[in-house]
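Trainee: Oh and the sequence shown: position 347 is 347 in the UniProt record's numbering, straight run, nothing missing.
Read the hints as simulated data drawn from the structure, not as lab findings.
One or more of the hints may lead you astray.
Just the calculated beta-carbon pair ranges, DEER-fashion [unchecked claim]:
id	residue 1	residue 2	range
1	Phe157	His233	37 to 43 Å
2	Gly205	Leu486	56 to 62 Å
3	Arg162	Ile3	41 to 47 Å
Computed list of lysine-lysine pairs in DSS-like fashion (alpha-carbon distance at most 27 Å, straight line) [as the list claims (entries may be wrong)]:
id	residue 1	residue 2
4	Lys263	Lys559
5	Lys564	Lys473
6	Lys613	Lys582
7	Lys173	Lys159
8	Lys559	Lys473
9	Lys263	Lys173
10	Lys263	Lys159
11	Lys564	Lys263
12	Lys79	Lys173
Since we're looking at a predicted model, the values are computed, not measured.
Note that CB positions come from ideal geometry on N, CA and C, so glycine has one too.
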Amino acid sequence: MPIRQLSETMINQIAAGEVIERPASVVKELVENALDAGASRVEIVTSGGGLNLIRVTDDGYGIPEPELSLAIARHCTSKLVEDINDIRSLGFRGEALPSIGSVSRLSIRSRTALGDSAAEIGIEGGRVLPVRPAAANRGTTVEVRDLFFATPARLKFMKGERAESSATSDVVKRIAIAFPTVRFTLAGTDRSTLELPATDDGPEGSLRRVAQVMGAEFPDNSIAIDATREGVHLTGHVSIPSFTRANALHQYAYVNGRPVRDKLIAGAIRGAFADVLPRDRHAVTVLFLSLDPAIVDVNVHPAKADVRFRDPGLVRGLIVGAIRQALADAGIRSATTGAAGMMAAFRPGAAAYGHGGPANGHRSYDAAYRASGSAGFDANRSPQRPLDMGFEGAGFEHSGLRENEQAAFDSGPLVSADARAGQSEAAETLLGAVLGAARAQVHENYIVAQTRDSLVIVDQHAAHERLVYEALKNALHSRPVPSQILLLPEIIDLPEEDAERLAMHSETLARFGLGIERFGPGAVAVRETPSMLGETNVQQLVRDLADEIADNDTVETLKERLDKIAATMACHGSVRSGRLLKAEEMNALLRQMEATPGSGTCNHGRPTYIELKLADIERLFGRR
Numbered sequence: 001m002p003i004r005q006l007s008e009t010m011i012n013q014i015a016a017g018e019v020i021e022r023p024a025s026v027v028k029e030l031v032e033n034a035l036d037a038g039a040s041r042v043e044i045v046t047s048g049g050g051l052n053l054i055r056v057t058d059d060g061y062g063i064p065e066p067e068l069s070l071a072i073a074r075h076c077t078s079k080l081v082e083d084i085n086d087i088r089s090l091g092f093r094g095e096a097l098p099s100i101g102s103v104s105r106l107s108i109r110s111r112t113a114l115g116d117s118a119a120e121i122g123i124e125g126g127r128v129l130p131v132r133p134a135a136a137n138r139g140t141t142v143e144v145r146d147l148f149f150a151t152p153a154r155l156k157f158m159k160g161e162r163a164e165s166s167a168t169s170d171v172v173k174r175i176a177i178a179f180p181t182v183r184f185t186l187a188g189t190d191r192s193t194l195e196l197p198a199t200d201d202g203p204e205g206s207l208r209r210v211a212q213v214m215g216a217e218f219p220d221n222s223i224a225i226d227a228t229r230e231g232v233h234l235t236g237h238v239s240i241p242s243f244t245r246a247n248a249l250h251q252y253a254y255v256n257g258r259p260v261r262d263k264l265i266a267g268a269i270r271g272a273f274a275d276v277l278p279r280d281r282h283a284v285t286v287l288f289l290s291l292d293p294a295i296v297d298v299n300v301h302p303a304k305a306d307v308r309f310r311d312p313g314l315v316r317g318l319i320v321g322a323i324r325q326a327l328a329d330a331g332i333r334s335a336t337t338g339a340a341g342m343m344a345a346f347r348p349g350a351a352a353y354g355h356g357g358p359a360n361g362h363r364s365y366d367a368a369y370r371a372s373g374s375a376g377f378d379a380n381r382s383p384q385r386p387l388d389m390g391f392e393g394a395g396f397e398h399s400g401l402r403e404n405e406q407a408a409f410d411s412g413p414l415v416s417a418d419a420r421a422g423q424s425e426a427a428e429t430l431l432g433a434v435l436g437a438a439r440a441q442v443h444e445n446y447i448v449a450q451t452r453d454s455l456v457i458v459d460q461h462a463a464h465e466r467l468v469y470e471a472l473k474n475a476l477h478s479r480p481v482p483s484q485i486l487l488l489p490e491i492i493d494l495p496e497e498d499a500e501r502l503a504m505h506s507e508t509l510a511r512f513g514l515g516i517e518r519f520g521p522g523a524v525a526v527r528e529t530p531s532m533l534g535e536t537n538v539q540q541l542v543r544d545l546a547d548e549i550a551d552n553d554t555v556e557t558l559k560e561r562l563d564k565i566a567a568t569m570a571c572h573g574s575v576r577s578g579r580l581l582k583a584e585e586m587n588a589l590l591r592q593m594e595a596t597p598g599s600g601t602c603n604h605g606r607p608t609y610i611e612l613k614l615a616d617i618e619r620l621f622g623r624r
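Based on the provided sequences and hints, a complete structural model is requested.
Mentor: So, in structure tokens, the structure goes:
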């Protein structure tokens, strides 16, 4: 078959396969055009999941009538002059409108601020219709009907109406977070209306827009991020470790205002939260990277969702370091959702929807009493006995109580006013601390503490597990990791580029106990391995390290394996559930938690404590 030039319509349809994947892709391109045109209000209307109708209206600058025909021509744009390395707009390729017009019925109606009237142009399956006069306010309205009618095969791959509508909503929300001063409205017969009012510019206005998109509870459970390294500026908010989601859809990343889905950024977020979240949970993040357009390539793919950084190690290091530093500076905080769950559990009727028993398998106090019988029940071993440790021999007596009151005091969970008065003054001063003063230990596992305005319940095993883990990590990374010399060096054949990368990182690997050196072309020799790893698959470890260095230019794999061993040691070496603690031990544990970064969750990502405000307790009893 001879070589021939493809028709303009076929060229546009091929381009549409890359740019226009689904209705949400159309909405993304049109909304970005509106924002590049200086719009302060963007209205989106859809029908049939966007396959029947997509209409985007803005109040931007508008398109002059003589330029309408250029707007629908390939590679015609007003956003790029000469330098492809200096892109400061969302769109720049000049492919979106002709690609959309080649697979749908497209009309563009626009009017500039100085124009006496509007003008309209249309395209049907790649066939351009003549420009004609129209009536419209200042701005542009782009209407797309019968998407993919010109390419029926593509329609077979579309999902249901609800799924396509949901994808469109996600696109609008992602873009809206980066432009808080713009009002967005998304409506249609296939959805409930989404309205995002404009907010002020600046950090407070940006956080209000984030709350509109991600929910009002996010600001109260987030930490601000603000860090700069070598000209790269990172701002935004990340959730505290105890506030998580089941997937990573609530992680929003922006590069110079452009929403992106970049695996380097996603991997950096995962690495920053590696030892404070459960494996099946994900942090909630909104991160903005600002850097010189010359050191980031946004021209990787026509969809413009991928980017490439000139120095990926710098960006990853900035994100990981900034998040970890923010988590450390934030101190200990509990998620407000924990208190909400506790409130729901205490409400009448909540037990009918809850679990059949305690989450950790402990029997309840009543069940233990019934099982042991009155003769076999020992009040001194009851996990709900009042905390009186440390008061024996101190002249503390229950004088003045009648016989029945004395009996109730000895066997029940109530504490009299005289008992409270007998507590030490030192404990009273602890009420102002974050976790307050320990008051009791229940079920031999949970510490109940009191602050000036709240009740705190601490899981003693989970809390101490985190404390031991952090101590082990500090000891592990403050000095070179002990290594064991192999009787026979392990020779590993690798591609030449992988062997070179490993050799470049040999000093860092040696600090973690892995002694590695070049062994001729395309091979490395491993002479030492970290003692903590014991017997390990050296070949697999080295190959994993080589793959990670190729992707991210880091050696986090080895560090993560050592941290995992430290976590296991911490789990087995911490205070066990069922161990009775003295008052001094409980308060010492609380103080260590307050001084240890990340102690709000255990090594497995579970919360170590829950805080219930006094106002919420009073509301439960109808006092408010």
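Trainee: Hint compliance check: list the failing hint numbers for this structure, sorted ascending.
Mentor: none
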